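Asker: Construct the entire structure; sequences and hints are all you get.
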Amino acid sequence: MKIKYHKALNRIKNIGREILAFIPPKYRLPHKYYQIKTLLYEGRNWDLKKILNWQLINLKKIIRFAYDTVPGYHQLFNEKNITPDEIRKIEDIKLIPFTTKELIRDNLEDFTSRAFPKWKLKYLTTGGSTGIPFGFYNTYDQYFIELAFIHFGWEQTGWKWGELSAVLRGAFVGNERKFWTYDKFHNELQLSSYFLTKSNFLRYLKKIEEFKPKYIQAYPSSIIIFADLLKELSPEKQPEFKALFLGSENLYDWQKTLLKEVFPNSEIFSWYGHAEKVILAMNCKFSDKYHINPFYGLIEILDRDNSDVDIGQTGELVGTSFWNYATPFIRYRTMDLATLGEEKCELCNTNFQLINKIEGRLQEFIITNSGRYISMTAINMHDDIFDLLQQFMFYQEQKGIVIFKYLPKRKLTDIETKNIEERLKIKLGNDIELLLQEVEKIPRMPSGKYRFLEQKLKLKYGD
Numbered sequence: 005m006k007i008k009y010h011k012a013l014n015r016i017k018n019i020g021r022e023i024l025a026f027i028p029p030k031y032r033l034p035h036k037y038y039q040i041k042t043l044l045y046e047g048r049n050w051d052l053k054k055i056l057n058w059q060l061i062n063l064k065k066i067i068r069f070a071y072d073t074v075p076g077y078h079q080l081f082n083e084k085n086i087t088p089d090e091i092r093k094i095e096d097i098k099l100i101p102f103t104t105k106e107l108i109r110d111n112l113e114d115f116t117s118r119a120f121p122k123w124k125l126k127y128l129t130t131g132g133s134t135g136i137p138f139g140f141y142n143t144y145d146q147y148f149i150e151l152a153f154i155h156f157g158w159e160q161t162g163w164k165w166g167e168l169s170a171v172l173r174g175a176f177v178g179n180e181r182k183f184w185t186y187d188k189f190h191n192e193l194q195l196s197s198y199f200l201t202k203s204n205f206l207r208y209l210k211k212i213e214e215f216k217p218k219y220i221q222a223y224p225s226s227i228i229i230f231a232d233l234l235k236e237l238s239p240e241k242q243p244e245f246k247a248l249f250l251g252s253e254n255l256y257d258w259q260k261t262l263l264k265e266v267f268p269n270s271e272i273f274s275w276y277g278h279a280e281k282v283i284l285a286m287n288c289k290f291s292d293k294y295h296i297n298p299f300y301g302l303i304e305i306l307d308r309d310n311s312d313v314d315i316g317q318t319g320e321l322v323g324t325s326f327w328n329y330a331t332p333f334i335r336y337r338t339m340d341l342a343t344l345g346e347e348k349c350e351l352c353n354t355n356f357q358l359i360n361k362i363e364g365r366l367q368e369f370i371i372t373n374s375g376r377y378i379s380m381t382a383i384n385m386h387d388d389i390f391d392l393l394q395q396f397m398f399y400q401e402q403k404g405i406v407i408f409k410y411l412p413k414r415k416l417t418d419i420e421t422k423n424i425e426e427r428l429k430i431k432l433g434n435d436i437e438l439l440l441q442e443v444e445k446i447p448r449m450p451s452g453k454y455r456f457l458e459q460k461l462k463l464k465y466g467d
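Just so we're aligned, residue 5 is where the sequence shown starts under our numbering, counting upward by one.
Because the hints were derived from the structure by calculation, they are not lab data. Keep in mind that this is a model prediction, so the values were computed, not measured. Some clues are possibly wrong.
[Unchecked claim] Below, simulated DSS-like cross-link-like pairs (lysine-lysine); rule was C-alpha separation at most 25 Å, straight line:
| # | residue 1 | residue 2 |
| --- | --- | --- |
| 1 | 188 | 36 |
| 2 | 241 | 260 |
| 3 | 246 | 264 |
Answerer: See the structure below:
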């Protein structure tokens with residue numbers, strides 16, 4: 005019943021989006037979108053003092069709001085015997101205790117602002133790359149705020165709203181015969197990353213040649229498979245993309261080398277972000293480093309002793325969002341690692357903090373009986389499928405069989421377990437056997453992170 009409901013709801017949404025697609029973007033997008041874009045274009049030319057002043061004003065604003073309207077933060081502050089008035093400079097953020105996925109997940113109502121009625125909020129869930137599922141709330145304008153930041157980055161490559169893009173990510177599943185769909189609202193050719201196989205590849209290529217997209221948005225893991233197959237099966241006839249937009253996973257040096265070989269005339273644009281929308285880093289146009297966007301959130305990179313790392317050292321990314329007022333994320337531990345770079349980018353002449361390397365979003369694959377590679381990033385569900393689970397991970401040691409290990413919050417009914425199984429099968433497809441296994445503990449990796457997939461097979465792709 006739930007699956008039918010979700011399908012019907014998606015159909016209604018798609019009809020609405022098709023109607024809106026006929027309205028020019030200038031009138032389709034809200035004022036908030038353009039307000040953020042104006043800030044970003046002006047702010048990239050600001051000196052460091054002006055940027056830090058803007059950050060301090062907005063840091064104080066979100067902290068005061070959280071203290072006044074979010075019970076969980078009010079309690080955290082009281083336990084540490086501090087008030088928002090003590091945050092007088094950016095360094096004073098160290099007075100505030102950390103928040104974590106577990107803390108917010110287990111106390112969501114306490115960490116949701118009382119300033120908004122629930123009908124004005126949008127509920128999201130994510131398991132991310134860590135396998136710790138949890139839900140949180142966004143205001144409805146958060147989507148357009150995020151869109152403004154992403155579009156600002158894309159526009160540095162020459163991209164403009166309305167230009168056709170191909171998309172090779174995880175939102176559209178499809179099937180082997182119907183592996184594509186067209187999104188009129190965003191003017192995107194949506195290609196399924198689930199059926200990108202050697203036997204099916206030339207059909208993908210034909211569809212791209214038919215639509216002639218100028219850009220492609222993809223998971224790095226998906227575009228690498230695409231590039232490999234393109235190099236093998238169609239070296240003489242390759243699509244021309246102005247830019248490759250790559251997000252949600254690490255982009256490794258060997259991948260960039262292959263992409264530059266296969267798409268020599270395409271600009272490679274990658275970024276780091278996550279569903280919680282706390283930190284956003286986009287790659288420098290002139291190097292392999294990343295710019296932290298100072299108008300998105302405040303970042304810290306901390307060592308094991310929770311002290312700031314020095315330039316060239318690696319630590320955990322901790323972030324404070326300036327924009328999510330529904331479920332504020334303040335000093336939020338991402339469990340992702342990054343290497344600190346210089347305070348200013350001399351190549352771009354912007355006063356944006358540099359990150360030399362990001363180690364989050366590990367690329368992981370499941371392999372099916374037919375030889376399909378399924379990126380674990382595409383399995384990430386942004387609905388309520390994992391709400392009943394404390395933790396989960398996938399495990400594979402045999403081709404065509406994957407075990408879903410889960411630690412429930414309580415004893416699940418047969419119907420609840422079946423619902424999780426059926427909805428996972430929609431993502432995985434028919435050429436793989438899915439086994440569900442309830443466990444008492446999910447092990448950590450040596451780094452301390454939880455792995456989304458424990459893959460025992462030696463695969464060509466993935467970590």
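Asker: Hint by hint, say whether it matches the structure.
Answerer: Okay, the hints, checked on the actual structure:
1. 188 x 36: Holds, because 22 Å separates the two Cα atoms, which is no more than 25 Å.
2. 241 x 260: Given pair residue 241, residue 260 holds - Cα atoms ~21 Å apart, limit 25 Å.
3. 246 x 264: holds, 12 Å
When held up to the earlier numbered hints, the structure conflicts with none and fits them all.
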